[in-house]
Every structure is written in C-alpha cells, then in structure tokens.
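Undergrad: The residues making up each chain are set out below.
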Amino acid sequence: MARPLDWQLATVAGVHDETDAVRSFSLTLPAWTGHRPGQHVDLRLTSEDGYSVERSYSIASEPERAPEVDITVERIPDGEVSPFLHDVVVPGDRLEVRGPIGGYFVWEASQPGPLLLVGGGSGVVPLMAMIRHRARAGAMNPTRLLLSSRGPGEIIYREELDRLSATQDGFQVAHTLTREQPPGWSGYARRIDEAMLSEVLDPLGREARVYICGPTALVESAANALVRIGLAPSQIRTERFGPTGT
Amino acid sequence: MTERFVTRGFVGRRSSGGPEDVASRIPPGQYITRDFPVLSAGPTPRTPLEQWTFTIQGLVKQPLSWSWQEFQALPAREWTVDISCVTKWTKLDMHWRGVSVDTLLEGVEIDDRAAFMIAWSDGGYTTNLPLPDVLNGQAFVAYEYDGAPLAPEHGGPARLVVPARYFWKSAKWIRGIRLQAEDEPGFWESLGYHNRGDQWREERYSGD
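For the record, the sequence lines run as chains A and B. Heads up: the first sequence at position 44 corresponds to 44 in this note's numbering, and the numbers run straight through without jumps. Heads up: the second sequence at position 106 corresponds to 106 in this note's numbering, and the numbers run straight through without jumps.
It should be emphasised that the hints constitute simulated quantities derived from the structure, not laboratory data. Hints are not guaranteed to be accurate.
Quick list of the computed label-pair ranges, beta carbon to beta carbon [unchecked claim]:
(1) B/ARG4 / A/ALA31: 12 to 20 Å
(2) A/VAL90 / B/VAL22: 29 to 37 Å
(3) B/GLY9 / A/ALA217: 32 to 40 Å
(4) B/VAL81 / A/GLY153: 39 to 47 Å
(5) B/GLY9 / A/ALA31: 18 to 26 Å
(6) B/ILE32 / A/GLU180: 30 to 38 Å
(7) B/PRO63 / A/GLU159: 53 to 61 Å
(8) B/ILE32 / A/GLU68: 28 to 36 Å
(9) B/ASP35 / A/ALA66: 33 to 41 Å
(10) B/ARG34 / A/SER165: 35 to 43 Å
(11) A/ASP169 / B/ARG201: 46 to 54 Å
(12) B/ASP21 / A/GLY113: 50 to 58 Å
(13) A/ALA217 / B/THR103: 34 to 42 Å
(14) B/GLY9 / A/ALA166: 34 to 42 Å
Listing some non-contacts, in silico: residues in chain B with all C-beta distances to chain A over 10 Å [to be verified]:
(15) GLU144
(16) ASP198
(17) TRP200
In silico contact screen, one side only, chain A against chain B (beta carbon under 10 Å); selected entries [claimed, not checked]:
(18) ARG3
(19) LEU5
(20) ASP6
(21) LEU9
(22) LEU29
(23) LEU95
(24) GLU108
(25) GLU159
(26) ASP162
(27) ALA223
(28) LEU226
(29) LEU231
(30) GLN235
(31) THR238
Glycine included, each C-beta is placed from N, C-alpha and C at the ideal position.
From just these sequences and the hints, can you work out the full model?
TA: Laid out in structure tokens, this is it:
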C-alpha cells in the first residue's frame with residue numbers, strides 16, 4: 001500500500017513571535033518529501049515516562065522552503081500542547097513530526113484563475129502557505145485575502161501581508177477588526193458578512209476558487225453567504241480551526 | 001523510530017485524563033473534548049426534508065428508497081457512544097437517536113457478492129466500509145443528537161455513525177448506501193487517509 005508517514009525528528013531552527021499569543025516555529029526535517037500549501041503536520045510530544053500527546057498544525061511556509069517548514073501556533077491558555085510549545089521550546093530543541101497530511105484544502109500556483117482566501121484568526125495559517133507560495137512562484141492570478149482579527153495587535157503576519165499586498169502582483173489583503181479598531185482605521189470593523197464578501201469577491205468574479213479557514217461560526221457563515229451570492233459549493237473548500245486545537 | 005524519543009521538558013497534563021476507567025476509553029494520540037467540533041471540506045448542504053430520500057442500492061435484489069416521513073417511522077433506538085475524530089479529539093458518551101444499519105438492510109435482499117458498503121451524501125461526499133464492520137449494531141443512521149434534531153453543521157438531517165472508526169467514516173448528510181463486491185476508497189480515503197480508520201490501531205493515514 002502507500003508509503004507510511006513515518007515520524008521524524010525535526011530540529012527547531014528558529015522561533016518568531018507573530019503577536020502576543022501567536023508564535024511561529026521553523027522546523028528542519030531530515031526526511032521531508034515536500035508539501036502542498038494548505039497541508040498540515042502532526043506533532044507528537046512524549047514525556048520521560050512514556051505519556052504522549054499529538055496535535056495537528058497547519059504548515060505556514062511555502063514548499064519552496066523545504067526541508068524547512070514553519071508552523072504557527074496560538075497559545076491556548078488552558079491547552080496542553082500550545083503552552084508547552086510557547087513556554088518551553090527553544091531553537092535547537094527536537095520535536096517529533098510527521099506529514100504532510102491532507103489533500104483537499106490545498107492550492108498550488110499551477111491552478112490558474114482568481115483566488116479568494118477567507119481567514120479568521122489563526123485560520124490564516126494554511127492560507128499564508130498559499131500566499132507565500134504564490135509570491136515565490138511568481139503567480140499573477142488575482143488573489144484576495146479577507147482576514148478577520150479581533151484587534152490590531154492580533155493580526156497575524158500583518159507586516160508581511162501588507163508588504164505582499166503592495167507588490168502589485170495581483171495580491172490584495174482586506175482586514176476586518178471585530179472587537180477593537182485603532183484611531184483612523186479604514187478597514188472593515190465587523191464580523192464577516194454577505195455584503196463584505198460581495199465587495200471583496202466582486203473584482204475576482206463569480207468563478208473564483210475559495211478557501212475558508214477559521215472558527216466554525218466564521219466558516220459556516222462565510223461559506224453559506226458565498227453560496228447565497230451564487231457560487232457553486234464545489235468552488236468552496238473549508239477547514240476549521242477551532243478552540244479545541246489546543 | 002526504534003527507541004522512544006523523549007521531548008525535552010514535556011510533562012503533560014495527565015490529571016485532566018480523569019479516572020482510570022475514562023483513560024482506558026481514550027484511543028492512542030487522542031484527547032478528550034467537551035465541545036462538539038465541526039469539520040467539513042465544503043459548505044453545509046441544505047436539502048429540504050420534503051425532497052430528502054434515503055436509498056439502498058447496488059448489490060440488492062430490489063433497490064429501496066424511503067422518504068423522510070417513512071424513514072422516521074422505521075424502528076429507532078437511543079445510542080450512547082464514544083466518538084474519536086482523526087484530528088485528535090475524542091468525545092465520550094454522545095447521545096444519539098437513529099436507525100441501525102441492520103434495520104435498514106432488513107428491507108432488502110442482499111446479493112451474496114456484497115462485501116462493502118459505500119455511504120454517499122449530499123455534496124458528493126463518500127466513505128467506504130466493509131459490510132461486516134457495519135452490521136450487528138455497529139453502525140446507525142442518526143437524526144437526533146442530545147434529544148434534538150441533528151443540526152446541519154453536524155450532518156443533519158441525518159448522518160451515519162460508526163463509533164468504532166474515526167469520525168470521517170460517519171458520513172454527514174447521508175442520503176444512501178450502495179452495496180458492492182469491490183472496495184472503493186471514499187473521499188478522505190482517496191486523499192491520504194487510512195482505508196479502515198480504526199482509532200484503537202491508530203489507523204489515521206494511508207500506510208499506518
């Protein structure tokens with residue numbers, strides 16, 4: 001049958017804070033076969049006495065970075081794994097990882113046509129792998145990211161997104177801040193709704209491929225709204241990023 | 001890896017595992033959740049109940065189809081089962097009401113060659129199961145969860161539930177089953193996930 005997805009010992013090459021509660025880890029993998037943007041890895045932690053836990057994390061980096069992959073992890077205060085990753089793991093540590101996993105919520109630059117990415121909070125992570133891959137591959141397809149964050153300090157990858165948005169290669173980002181907006185904020189200031197999706201989708205046209213990732217309520221409402229706008233369900237791929245992902 | 005690797009500085013939070021009898025109900029690599037997380041690959045389909053049917057076809061003497069009303073009249077029962085999702089959560093003691101696959105198949109005459117069941121759903125989702133794994137009370141089609149109609153995002157109006165397998169085998173929005181002589185990988189089974197998906201053997205991905 002298929003080649004097994006063996007566990008491998010990744011080395012933490014770097015750690016980078018994205019926001020107060022979100023941190024990225026660069027992992028160097030000894031036997032990485034490459035991934036497609038949108039896929040994830042499984043991580044396994046094992047204690048001295050053999051107790052172990054596993055979690056899945058979306059890959060944030062583009063495949064061109066192989067054999068290094070970045071994962072971006074939100075610290076869930078009462079979680080078992082994310083506080084360990086944030087508070088204990090430092091460069092040089094080793095972590096058991098296997099992957100890549102998942103073959104549906106993926107986009108590659110070889111797929112032409114307009115692209116709408118809709119993210120909520122840390123749901124932006126697999127979308128970022130697509131955006132970085134798109135830039136690295138030199139794709140020029142019209143692409144828009146609609147990203148919902150709670151406040152200005154909680155926008156993950158903000159500087160990089162704004163920089164990529166300024167390169168005139170067809171990528172644009174639209175932000176909405178649902179709880180707190182800074183003075184003079186010109187972006188959206190409410191939860192993602194049908195009117196907002198219509199505006200962001202408009203320049204892309206009704207044929208756009210859509211990828212939505214975030215908390216269940218956001219994914220449900222955005223996907224339903226896009227179907228009401230007239231997109232075929234088969235154009236829309238979803239992935240949930242719930243608070244249970246501790 | 002032949003020798004077990006120990007993650008530097010990791011202790012874990014075993015106290016949350018609860019008493020021993022609870023710990024013994026958690027398959028390897030899983031953690032307990034009290035939420036009911038939602039995972040699906042696309043938008044939630046919404047078929048009006050008056051258009052809903054449930055069909056048995058394939059290797060049966062005479063295909064069979066029930067309307068929603070007819071399906072509600074089939075003998076149903078309550079089920080309390082533990083559910084494990086391949087994304088690592090396990091939820092204990094989930095209460096459902098529905099019709100066993102055994103009851104559904106009582107209505108048809110099954111061809112001797114039938115060895116596999118393909119469940120298919122609104123939205124095009126499919127999943128495959130060997131027939132012996134869904135008989136004798138091992139699988140049911142649920143239309144109530146916790147005493148209320150099953151919500152659309154959780155697979156309503158009706159979903160398959162196969163507690164002994166990872167939850168992707170419990171097809172949401174199920175509309176019918178097809179009996180076949182040959183196995184045929186379903187949606188996730190074609191995308192790198194394990195063909196059988198037994199959570200106690202940790203059969204998450206193809207090759208596990």
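Undergrad: Which hint numbers does the structure go against, in order from smallest to largest?
TA: 22, 24, 25, 26
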